[in-house]
Amino acid sequence: MKLLKPSWVNHNGKPIFSVDIHPDGTKFATGGQGEDSGKVVIWNMAPVLREEDERNENIPKLLCQMDNHLACVNCVRWSNNGLYLASGGDDKLVMVWKRAAFIGPSTVFGSSSKLANVEQWRCVMILRNHTGDVMDVAWSPHDVWLASCSVDNTIVIWNARKFPEIVMTLKGHTGLVKGLTWDPVGKYIASQADDRSLKVWRTMDWQLETNITKPFSECGGTTHVLRLSWSPDGQYLVSAHAMNNSGPTAQIIERDGWKTNMDFVGHRKAVTVVKFNPKIFKKKQKNGSTPKPSCPYCCCAVGSKDRSLSVWLTSLKRPLVVIHDLFDKSIMDITWTLNGLGLLVCSMDGTVAFLDFSQDELGDPLNEEEKNAIHQNIYGKSLAITMESQLSSTIIENPEMLKYQQERQGNQNPNEAQGIGPENQTPKLTNVLNGESLEDIRKNLLKKQVETRTADGRRRITPLCIAQLDTAGTAAVNSIGMKSNLLLTSASKIEPMKALDSRFTERSKAMPGVTSVPLTIGITPLDRVKDSSSVKEPKGKDETSSDSEDKIMVKSIAKRKGEMEGAEVVEKRKKGRPRKDAKTMPFPQVTFLLSKDPSRLTTPIAVLKLPTPSIQKSFSTQVSTDGVTYLEVENEVSVVSGSRLSQLKWSREGREWDVLLPSRIIIAAGSSNVVAVACEDRTLSVFTACGRRLIPSIILPVPMSALHCSGHFVMALTASAMLSVWDVQKQTALVKNESLNPILSGTDATVSQSFLTQQGVAVVSLSNGKTYCFNSSLETWNLIADKQDSLVQCTDFRNCVSAQDALGSMGPLALTQGRNLSAGRLASRLSSTPHHLQQGMTLAFLEKQLSSALILLSASEYRHWLLIYARFLVNEGEAVREGQCHCSQG
Amino acid sequence: MAKVQVLNVAVLDNPSPFGNPFQFEVTFECMEDLPEDLEWKIIYVGSAESEEHDQTLDSVLVGPVPAGRHMFVFQADAPNTALIPESDAVGVTVVLITCTYRGQEFIRIGYYVNNEYTDTELRENPPLKPDYGQLQRNILASNPRVTRFHINWEGCAEKMEDSENVDPAPNSMLPPSCTPGKAPPLGLLPDNSMDCL
Numbered sequence: 001m002k003l004l005k006p007s008w009v010n011h012n013g014k015p016i017f018s019v020d021i022h023p024d025g026t027k028f029a030t031g032g033q034g035e036d037s038g039k040v041v042i043w044n045m046a047p048v049l050r051e052e053d054e055r056n057e058n059i060p061k062l063l064c065q066m067d068n069h070l071a072c073v074n075c076v077r078w079s080n081n082g083l084y085l086a087s088g089g090d091d092k093l094v095m096v097w098k099r100a101a102f103i104g105p106s107t108v109f110g111s112s113s114k115l116a117n118v119e120q121w122r123c124v125m126i127l128r129n130h131t132g133d134v135m136d137v138a139w140s141p142h143d144v145w146l147a148s149c150s151v152d153n154t155i156v157i158w159n160a161r162k163f164p165e166i167v168m169t170l171k172g173h174t175g176l177v178k179g180l181t182w183d184p185v186g187k188y189i190a191s192q193a194d195d196r197s198l199k200v201w202r203t204m205d206w207q208l209e210t211n212i213t214k215p216f217s218e219c220g221g222t223t224h225v226l227r228l229s230w231s232p233d234g235q236y237l238v239s240a241h242a243m244n245n246s247g248p249t250a251q252i253i254e255r256d257g258w259k260t261n262m263d264f265v266g267h268r269k270a271v272t273v274v275k276f277n278p279k280i281f282k283k284k285q286k287n288g289s290t291p292k293p294s295c296p297y298c299c300c301a302v303g304s305k306d307r308s309l310s311v312w313l314t315s316l317k318r319p320l321v322v323i324h325d326l327f328d329k330s331i332m333d334i335t336w337t338l339n340g341l342g343l344l345v346c347s348m349d350g351t352v353a354f355l356d357f358s359q360d361e362l363g364d365p366l367n368e369e370e371k372n373a374i375h376q377n378i379y380g381k382s383l384a385i386t387m388e389s390q391l392s393s394t395i396i397e398n399p400e401m402l403k404y405q406q407e408r409q410g411n412q413n414p415n416e417a418q419g420i421g422p423e424n425q426t427p428k429l430t431n432v433l434n435g436e437s438l439e440d441i442r443k444n445l446l447k448k449q450v451e452t453r454t455a456d457g458r459r460r461i462t463p464l465c466i467a468q469l470d471t472a473g474t475a476a477v478n479s480i481g482m483k484s485n486l487l488l489t490s491a492s493k494i495e496p497m498k499a500l501d502s503r504f505t506e507r508s509k510a511m512p513g514v515t516s517v518p519l520t521i522g523i524t525p526l527d528r529v530k531d532s533s534s535v536k537e538p539k540g541k542d543e544t545s546s547d548s549e550d551k552i553m554v555k556s557i558a559k560r561k562g563e564m565e566g567a568e569v570v571e572k573r574k575k576g577r578p579r580k581d582a583k584t585m586p587f588p589q590v591t592f593l594l595s596k597d598p599s600r601l602t603t604p605i606a607v608l609k610l611p612t613p614s615i616q617k618s619f620s621t622q623v624s625t626d627g628v629t630y631l632e633v634e635n636e637v638s639v640v641s642g643s644r645l646s647q648l649k650w651s652r653e654g655r656e657w658d659v660l661l662p663s664r665i666i667i668a669a670g671s672s673n674v675v676a677v678a679c680e681d682r683t684l685s686v687f688t689a690c691g692r693r694l695i696p697s698i699i700l701p702v703p704m705s706a707l708h709c710s711g712h713f714v715m716a717l718t719a720s721a722m723l724s725v726w727d728v729q730k731q732t733a734l735v736k737n738e739s740l741n742p743i744l745s746g747t748d749a750t751v752s753q754s755f756l757t758q759q760g761v762a763v764v765s766l767s768n769g770k771t772y773c774f775n776s777s778l779e780t781w782n783l784i785a786d787k788q789d790s791l792v793q794c795t796d797f798r799n800c801v802s803a804q805d806a807l808g809s810m811g812p813l814a815l816t817q818g819r820n821l822s823a824g825r826l827a828s829r830l831s832s833t834p835h836h837l838q839q840g841m842t843l844a845f846l847e848k849q850l851s852s853a854l855i856l857l858s859a860s861e862y863r864h865w866l867l868i869y870a871r872f873l874v875n876e877g878e879a880v881r882e883g884q885c886h887c888s889q890g
Numbered sequence: 001m002a003k004v005q006v007l008n009v010a011v012l013d014n015p016s017p018f019g020n021p022f023q024f025e026v027t028f029e030c031m032e033d034l035p036e037d038l039e040w041k042i043i044y045v046g047s048a049e050s051e052e053h054d055q056t057l058d059s060v061l062v063g064p065v066p067a068g069r070h071m072f073v074f075q076a077d078a079p080n081t082a083l084i085p086e087s088d089a090v091g092v093t094v095v096l097i098t099c100t101y102r103g104q105e106f107i108r109i110g111y112y113v114n115n116e117y118t119d120t121e122l123r124e125n126p127p128l129k130p131d132y133g134q135l136q137r138n139i140l141a142s143n144p145r146v147t148r149f150h151i152n153w154e155g156c157a158e159k160m161e162d163s164e165n166v167d168p169a170p171n172s173m174l175p176p177s178c179t180p181g182k183a184p185p186l187g188l189l190p191d192n193s194m195d196c197l
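Keeping their order, the protein sequence lines are chains A and B. If you're matching positions, the first sequence starts at 1 in my numbering and goes up one per residue. If you're matching positions, the second sequence starts at 1 in my numbering and goes up one per residue.
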């Protein structure tokens, strides 16, 4: 056995309440007290396992620290599949953590240690239900449930597939519940509490199976935790603190009849934690000797308030090893490596210890098959597989098996995997930054960020989202965050006055300007204590929390077995476990498939076809009349990982913004409120005048022919002669995919002009001089102007037009009819026509103008024509219509 | 737990002439969509001796804040020199960045600021009346002092009116007069006064 106290694993001297090794063995988590919060830290396992890795400065020791818990963290537990970490603390919360992909390393801002978080673990779920400190959490086999227990005397079973759903709250304890353990078979969950009882609950109906009180009747509530444990074969449950003849014990409870005939005796103070080795062992077979069948046995580590640790084999009457004075304070938690040979112990004194056993000492671990066989022998197949119908016949007990199974599945359908791979992953990255590097963003952030004024005149900045909280998978981490750390402006050499310290509320003792000693320096080979060396511990040494290099407190290591004595240091395990990311799929080469040339798109052949603009390398348009606003488009401005990016730039009187789009821009249009662009990939993107994307890309069935914006309205005319108008502010469609068929059919005319009025009315002019607008309330096409209309040419209302009316005649109607309205052009030549005929034609024309102005919702033009109409009626003495005019004016 | 974590604050345009605006590029992360805006403030400590000379250079609302990692640049005009005691113009002082949510301050980031003349002649014989045009401002960007406060993220602070205009956590500071030139007595520093939980 080898023993190591890695001094670099610490919470700056604060107690460590919990420790748990990740199922893949590459990392472990500690939980405990932070500066003014609870703290969860994830550490790299390699430097604990291998001395050369510990010395190698390129191998990080601390992977991630999370200060999110408001108060001390009492328990950290990895899920069996290794994807999640659950933590429970004095803040009554259970947090579930997941590794975040795509977000690079970061530091805890302002913390004295400038160590970056190598991995990003993010709280994906906060489970709130307990009304008191959460003392222990436990994942059920197969991670179906997560159980948490609390000083509120309850145990909550959470649905781990559907957080934060609560499956059941187990009530019955009358004291603080301080420990939980699941039956490895999945049939029971056991809890131990300060009410001097250990309760076993059925998972079938969540009712109490048994309540064991006798071994605990003498116990007082003196321990912080009561972490009990179930043996891997399911046969034994071992309690934490129990009493037998006034002596502290760990009670062994047999599954069969819940008998309490045996216990682990020897600790001088209460047992705080019991942890079974996940492996079942069988006796090591000596070379040469005939293999004789031996009963498999389990291995169990017991930690106590007496600061000592004992390791027991169920095949031996006495402990395999007892280590006294391993810590200065009570042992709080124990965790085994999945291979069963390593053991991490943590203590209230803020340190951890690692024990490394050899197979000679513990025995040959059974493989999963043999373990399953034992389970099936004892419990039958149905139980061993529990209620997991979707699991195949083998129990996936560890990540390696899961990985293996995933690989096998992956091999079975490689085509499928490749087909969806790149496309699924590309958008994830581009979504956020649009392919722009963080550097570029930072350079122009001040200029680009959207700043508005609130109603009460305050500045309001819309922050730029640089990463979504994507916690999917553990894929490659990009280096975005890394750069930001390096960019911290370099230190200046100023000596601040200490009086100013009081202006900060931080309780930091550190002298400003003095860089804190990196934690990594404190590691010397001395820290590695071999079992043959015993270091005398000077009692009462100074209790500074600083990481002094030689803080080793190993006094004596009890050795039971002769063969351990003087033995050569057991050969270092060379193979180790594969690093977790070694096997993860390499990030697929980002390939962006440009959609096919729009002209070659196999869309259903439309009867009508409108021309689509050709793609230009760059173009610009002036959009808004109030304030000269330009839209500039530059296609293929840069190529990022194979995808060509196009840039849209907006500028108005010195202010400007730009956005990048993944496809070439065909048409751009804008108003003072919105900007819309149609891209080659048949998407339509709409932005506010401030450059914020209003809606996700609208997918069009066919390429765009014409695009207009006005106010908050966007009009799209597609190549298949379909018209749509949307109000992007209210997010409603005013015109839904309306065909131009009614106005185009039967003519050989084409669309010569189209536009959108300020009120969102779509107007389409044809090459035959006719202009139509779409009336969305009637859902009809209405003819609003016709240059060939003989009525127009014969009207005569010149004597009704006053000089100041000229201004009022500007508007969409005038636009369609042309500035120099041909009205009355022929009037003089028609002097021979009877007066009443001309009068009638003029009236008809004026009424047409009126209704057209009305349908175009053009108020000024309506007023303009109404005035002319009224004057005309007065002049001509048309009393009947005058009355009507009166009404309409009212 | 805090829904908003400040990941980094980069001090831009530093060192710079005294009259230049302050620019801080703030990167923060939000766990879930925030229904309300964050309010950021830059407070310039005019004099170490008294809070009277504190100036709020500017305050901005930042929002909307969906879940994710965000950044923005907070720019605020240089302090009004008329409010700075002449004796404190040159030398070291402090600039504070605070952020409040629903009227509750949850983070306070402090930087030391050194104002000094770049001209050696001026440095050796500083004029009685500070020449702000010649002063250079240097923010000790590498050493931010970050204090986090536990706040109630779900509801409002009970005393909204208190935290509206004044410095949100005045109680958490000691009167500077009691610690001139000495390290602050650690035990006396009150714990997070804004802790609502």
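To be clear, the hints were calculated from the coordinates, so they are not data collected in a lab. One thing to keep in mind: the hints can contain errors.
[What the hints assert, rightly or not] Derived lysine to any residue pairs resembling SDA-like cross-links, with alpha carbons at most 20 Å apart:
(1) 98/A <-> 23/B
(2) 447/A <-> 77/B
(3) 282/A <-> 315/A
(4) 448/A <-> 47/B
(5) 443/A <-> 141/B
(6) 283/A <-> 221/A
(7) 736/A <-> 776/A
(8) 447/A <-> 32/B
(9) 448/A <-> 21/B
(10) 730/A <-> 64/B
(11) 41/B <-> 109/A
(12) 447/A <-> 2/B
(13) 98/A <-> 2/B
(14) 41/B <-> 462/A
(15) 443/A <-> 2/B
(16) 443/A <-> 25/B
(17) 162/A <-> 23/B
(18) 448/A <-> 23/B
(19) 41/B <-> 452/A
(20) 98/A <-> 32/B
(21) 41/B <-> 368/A
(22) 448/A <-> 141/B
(23) 443/A <-> 91/B
(24) 447/A <-> 14/B
(25) 447/A <-> 128/B
(26) 443/A <-> 67/B
(27) 41/B <-> 673/A
Bear in mind the structure is a predicted one, so any value in this text is a computation, not a measurement.
Here is what the structure says about each hint:
no.	hint	in the structure
1	98/A <-> 23/B	34 Å, violated
2	447/A <-> 77/B	16 Å, holds
3	282/A <-> 315/A	10 Å, holds
4	448/A <-> 47/B	35 Å, violated
5	443/A <-> 141/B	18 Å, holds
6	283/A <-> 221/A	39 Å, violated
7	736/A <-> 776/A	9 Å, holds
8	447/A <-> 32/B	27 Å, violated
9	448/A <-> 21/B	17 Å, holds
10	730/A <-> 64/B	19 Å, holds
11	41/B <-> 109/A	18 Å, holds
12	447/A <-> 2/B	30 Å, violated
13	98/A <-> 2/B	17 Å, holds
14	41/B <-> 462/A	15 Å, holds
15	443/A <-> 2/B	29 Å, violated
16	443/A <-> 25/B	11 Å, holds
17	162/A <-> 23/B	44 Å, violated
18	448/A <-> 23/B	14 Å, holds
19	41/B <-> 452/A	17 Å, holds
20	98/A <-> 32/B	15 Å, holds
21	41/B <-> 368/A	59 Å, violated
22	448/A <-> 141/B	24 Å, violated
23	443/A <-> 91/B	31 Å, violated
24	447/A <-> 14/B	18 Å, holds
25	447/A <-> 128/B	39 Å, violated
26	443/A <-> 67/B	24 Å, violated
27	41/B <-> 673/A	30 Å, violated
Checked against the numbered hints above, the structure violates hints 1, 4, 6, 8, 12, 15, 17, 21, 22, 23, 25, 26, 27; every other hint is satisfied.
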